[in-house]
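Visitor: Could you use the hints to bring the two separately framed chains together as a complex?
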Amino acid sequence: MGEEVFEITVDGQKSTTTAGETILSACRRLGKDIPTLCHHEALKPYASCRVCLVEAKTERGGTLVASCQYPVSEGLVVETDSPAVREARKIVLELLLARCPASEVVRDLAARYGVTSTPYPTDDPEEKCILCGLCVRACEELVRAAAVGFADRGLERRVGSPFEESAEECLGCGACVNVCPTGKVEAKYVDGVLRMETWRTDLEMAKCRRCGKAFTTQRLLERVAKEEPDLAEEIRLCPSCRSKETIHKWAEAIRLAFGAGLPS
Amino acid sequence: MSVAERGRIASVARLEEIRRELEAKGRRYATTISVCAGTGCQAYGCQEVVNAFAAELGTRKLDEKVLLRSTGCHGFCEKGPLAVIQPGGVFYQQIKIKDVPDIVEKTIIGGQVIERLLYSEPKTKERIAREADVPFYKFQERIVFGRNGIIDPTSIEDYIAAGGYEALAKAVTTMSPEQVIDEVTRSGLRGRGGGGFPTGRKWAVTRRQAEAVKYVVCNADEGDPGAYMDRSLLEGNPHSVLEGMLIGAYAIGASDAYIYVRAEYPLALKNVHIAIDQANEWGLLGDKVLGSDLSLRVHVSRGAGAFVCGEETALMASIEGRLGTPTARPPYPAQSGLWGKPTNINNVETWANVPLVITRGAGWFSRIGTEKSKGTKVFSLVGKINNTGLVEVPMGIKLRDIVFKIGGGIPRGRAFKAVQTGGPSGGVIPESLLDLPIDYDALTEVGAMMGSGGMIVMDDRTCIVDVARYFMNFLREESCGKCTPCREGIKVMLGILTRICGGEGAVEDIERLERLARGIKAAALCGLGTTAPNPVLSTLKYFRDEYLAHVVDHRCPAGVCTALISLAIDEAKCKACGRCVKVCPTEAISGGQKKVAAKIDQGRCVRCRACFETCPFEAIVIT
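These protein sequence lines are chains G and V, in that order.
Here this note's numbering is used: position 114 in the first sequence is 114, and no number is missing along the way.
Here this note's numbering is used: position 89 in the second sequence is 1089, and no number is missing along the way.
Since the hints were derived computationally from the structure, they do not count as laboratory data.
Accuracy of the hints is not assured; some may be wrong.
[As the list claims (entries may be wrong)] Using 25 Å as the maximum straight-line C-alpha spacing, the simulated SDA-like pairs for lysine to any residue come out as follows: (1) G:Lys90 - V:Thr1530; (2) G:Lys32 - V:Pro1330; (3) V:Lys1582 - V:Ala1572; (4) V:Lys1521 - G:Gly114; (5) G:Lys44 - V:Arg1329; (6) G:Lys44 - V:Pro1330; (7) G:Lys57 - V:Gly1196; (8) G:Lys44 - V:Arg1322.
Predicted model only: the values in this text are computed from it and were never measured.
Isolated chain V, as found in the complex (with noise of 0.2 Å):
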């Protein structure tokens, strides 16, 4: 049925007549092929993937019996292209145009395993058939990214039919504003952007306000470097942002809501624009919602890819068209926000949490994690880790669960070092603390932060003070500018480091980043610049010896500061390959053929560390 001839839907009841039909649809399906085409899967080259299934199944006449589905990110971007086949649940990786006819001869029509296309645990290289037994998937709890995996996000019959929609039936016929709140409130559900205030409060706050209008806003513009959680959400369940927002608008009483993504998200954007036009047709957004008093209209907002925009109050001026620099609050945005309107703001993973608290209740939610963080959290696991990827896990999980268990430890068997948590404004988590469990207090407690869920794994051949050095250059750069802790402290605290890193620092230079920092911390006006130090405090905090080499000893004990470092061949182990030989920019490096060992000429070489990099032997030494 097109959606002219359904029209807009005008009750609950008939939602979930809808809803029945689409399921009894999808019913006809012997076998569903979800192939992942979120933006990681989609570099690997997922679309001609899909294409080839495509063809592959029209040719054998299967298209009426197998239906195949592009969903959005199922969080293992390390092994993409992937694809899930139901009923099953087998999961094929790295899959390859070639393997495809293979998949549909073998699996679809056969029902047989492929064993080269499994996933294989590194250490056991045990070949491992189904999803749900995949370590990388077994240790999570995805209640909020589950769903990215069997819907089309293109598709609100997809979302319909896996029971989307049906938490704001729920609220706007069964309960009232005051109820919604409530129970949001007793979720103990925590924003997820990083600051982790209580949900249900600052509704309630914006709710009291007596302004006639009032907004809510979706914040998007996650720009944290390595974190892609809410991107991924956005691009592959754009429809349960919307329906969180929706509950949202009804329990504050909103009539206009804002969402505001980077340009820099193109997949996000065409897939948020593509939800509200269906949700609008479908008379799930617009007018008398499910016939209820409820009426919304959804804009979107680009941004620019200022990382300042992510502060709510800078976001707001971004939204109302001008220079997107934060200002002082109070007053909050629940209290005066866009154009002076009592505004709420929460982000991309807050608004999806939403429905699942209203369907399944408070009481279910607040089983999950710990005393004062309920429910889950996405994290995106990146750095030097095994499984790269978006996992979502209940709140108080151990980081050495995250990391060992999920993650699949180190590469290449290296020791880990730190974990840096929070991006630019969290802070490094060293090994001591691995068995810490992960909430918005333990972490704010050890001087890093949840933040938006960015989570950077480092091994030991990374240097902690070229990481501080790293970060503080990115907000170098992504400094609004407004105040003078932050713009002006931020150029002096890169000028230290990248002093120490160039082997020209001195212990003083560590006190006075020390005292510098703090000062920042307490004086900055908005919650960038005060926790603009946190990558360089922590690393302090836990790393001082390592500041302290480099300065005493001038010294990089991870050997990567190009000034403190030299580099040489162990006779012993060099097999005179040749490999460094061809890599090294300058030819600094002789020899390394017909069995005579490689010879760095120190005069010539740039301490670049191809020669280390490339060195299958570990036969590069670095002092």
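One chain only, chain G, in its complex shape (with noise of 0.2 Å):
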């Protein structure tokens, strides 16, 4: 069975798209500068930010949607840069560089849309969390350890492990660190121990069984042995050990495939 497609318009643009396809993925391979902050494509749509609004046309008159969600479908006219999308973008930009002001991802974004400084008062000047969830939900959708969470509502709202507490299903996986886009979540390497700072929580380092050198967490081996337990003696090498290891394994079949006369 073929695909269904559409066709839209993008800024006047005629375009063809596939049936389940958002506006962002049709825009972007078009070539239009939509940003994001909350959207990975990794990740399910979420839509909390708000900075990737475009304006959607329908007979009904102009309405506007996350393009990080919207799905495309027949005859949708998308305006991306509208006098309309231009100021949503500015007014969700100046709340969240006045919740934000320490965030360069904001500041610079916020700059393109010409906000250089918010009307609206600033809590904690030190604040980074946009609260765009990324980091719950590459912990609980691709890492599926959902250690960590939102916590509180509304302004409370935060992230953080269960309780505020050491978390218990943390891996020390740095998912959370690697898909943040403001650098709010922090790990770094403490006398030994990863310390995830935002979750408060500290994870034992394992060694590399013929090296000796730390290279993963325990917790990760241990996840990783009880999915792949055909996996569980490799894994327990740090990545060089391991290519190593592998070089001097087919080495050594290939000897015994081939007979002595190769190097050794």
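Guide: Structure follows, in structure tokens:
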């Protein structure tokens, strides 16, 4: 069965899309510049930051929709840079800037919309978290650990470990650090342990069974060993020893197959 | 006959047979006393009144002749505890335990009316004997709410005797699911939860989905301040909601249903559970309902009181056990709802309307109301109004009729200022629009909304900026915090409003407020976020002068905002009664006795207005 194809119009330019595609994805294919903060290709749409708003026009008029989540449909007319879109993004960025003056990403994006200062008050000048939830969602959807989550609601909403104590389910995989767009989620090595600062969690490091170097967390090893028992031994090697051992194994195999005469 | 003997009702014919038995049983009583036992009347102590009636009837050996019934809410909460005596329809209000022997002696036995317990018209002081003649009831059209007063909500027998489950029987035996949907569509019934989406169309979309598993959901997460229509329906007539859901499930093709009730509604929860258990025992829920192919299990899900969980996507997340935050639509619940399956969500009042549409037909239903809003709407009429309570009126009724004819006008003869409809998502309607016919589209057009039916009346002593600040504070506490505009924007709007009320506002603040409100309305994620600025936008639209008075003249015309007022005593009016001296918490008032007029020490006065509220002579002047 062929995929359903829709014709849409983006900023006056006609284009074809397939069912299930989001406006954002269709627009980016057309080279449109739509900013995003809470969006990540590997995660389900969340539509919370509201900087990717575009105008979707139907016969009943235009409404602003989150392009990262809104699916295309036949005949959809999209404006990515109309006055309404620019004004809405500007207001959202002013609000974000008031919340997170310490975030470079927010400052840079705001500047692109001419927002260099905000008319609204700031509570915490050190705040970096925009509550996009990427850390929480990556941990749940990709790592399937759900070690961290949202606490409280409304203005008090924040990301954190359960009860803001050490997160028992945290593997120290670092996915949260990686996806965080503002640098709020941090991890560092302190005295041989991996400290997930934001989650108040210290993780014991595992040592390579060959060279003895600490290379990953104990919990991460245990999780992989549980899910992939066949790899239980192999994963206890650090990446460098693992490649050495693999090469060694292959060389051994080749030697067995072709006999002597090959360099050892 | 006990349930065990009767067994599950396996056919419509058997249901009709039972109905006739129950009707005959009802006719054995010469008199019925229906005491309102809604939450409001319970707070007044109606249970003691019921107990007193039971004891009195027992002593006089009248229990075989007189049926005493604790019913759901009658709506006239201002006047509880209240009772209606049939035949005759005599309406007694504010009944005390000591009145009970008198009622039994004089009215039940003697057939006389007791004057002192009758409703008295505030203006004419005329006493009115019959419930149907009391203006509060006379101008209503109680098609959905009316049965509350004649059935005991914990008795399925009462519901059946009153024609209950007749619509279900008609639907499953004489109509195809498509015909049911067609009937509901033609009736013009629209969602009573606020959005006003055509119910039949929603059902049709859900039915059309290819998935085999579908759900129906009843949204009973009523959370608007001052609104309690759905609560009273669930408490007072839970079977009507179940019957509506059964018909919906039949039409849509669902075999599981959820009722999402807030846990702060203990009586509603209790009565819903009782109703579900009874309906299961009687064969009106469960497998092969009334011997038809319809099977339905109804589950109850308790909400923890988050306002946002009344938003349908958040509600479904909460039922699934996830965090109650909304998700952007599409997909709509009809396409992908509970556990990703097509789900039809209607609110309590919508479901309660469904049996009426089926029994009496789309034609009958659509004759009530306006061109695009059919049927009736239940409103909770609260605030500065004489007759606080729940009122059911035909769509298209003038706001003036609700406030003055049914509501009896404003207490203490004060002037009407505005009415807030639709709760925190709605807006205010000023006096100039009192003749507006109330329907979905008219309300939206003037910047308010139908909402679930909260109606808060304000008099001239209500500060409109303070009202906007109140709603913004409510929303600040109830925003889920997921999207930027709602979370951050409401905080800023509240800050600006607080500054204006505190006398620190500037003209630029009004412009800033307006721009931000428009931005949030356009950019927020869910229905609650996009409507959150409505209280600000509508008060700015109709009462801009009052905002300007706060920021330009530093004056609160209604005399509410403490930072902007001062209190003084009009010596000519002061009778030196000393009441103000007693209530003043800061001992700022001297004199006020021995014929010496009271005097306020401005340095000590904290402008709490206690003296103002207390003075019977209007001698305290706010400037």
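Visitor: Next step is simple, just say for each hint if it's right about the structure.
Guide: Hints, verified against the model:
no. : hint                  : result
1   : G:Lys90 - V:Thr1530   : holds (17 Å)
2   : G:Lys32 - V:Pro1330   : holds (23 Å)
3   : V:Lys1582 - V:Ala1572 : holds (20 Å)
4   : V:Lys1521 - G:Gly114  : holds (22 Å)
5   : G:Lys44 - V:Arg1329   : holds (14 Å)
6   : G:Lys44 - V:Pro1330   : holds (14 Å)
7   : G:Lys57 - V:Gly1196   : holds (22 Å)
8   : G:Lys44 - V:Arg1322   : holds (16 Å)
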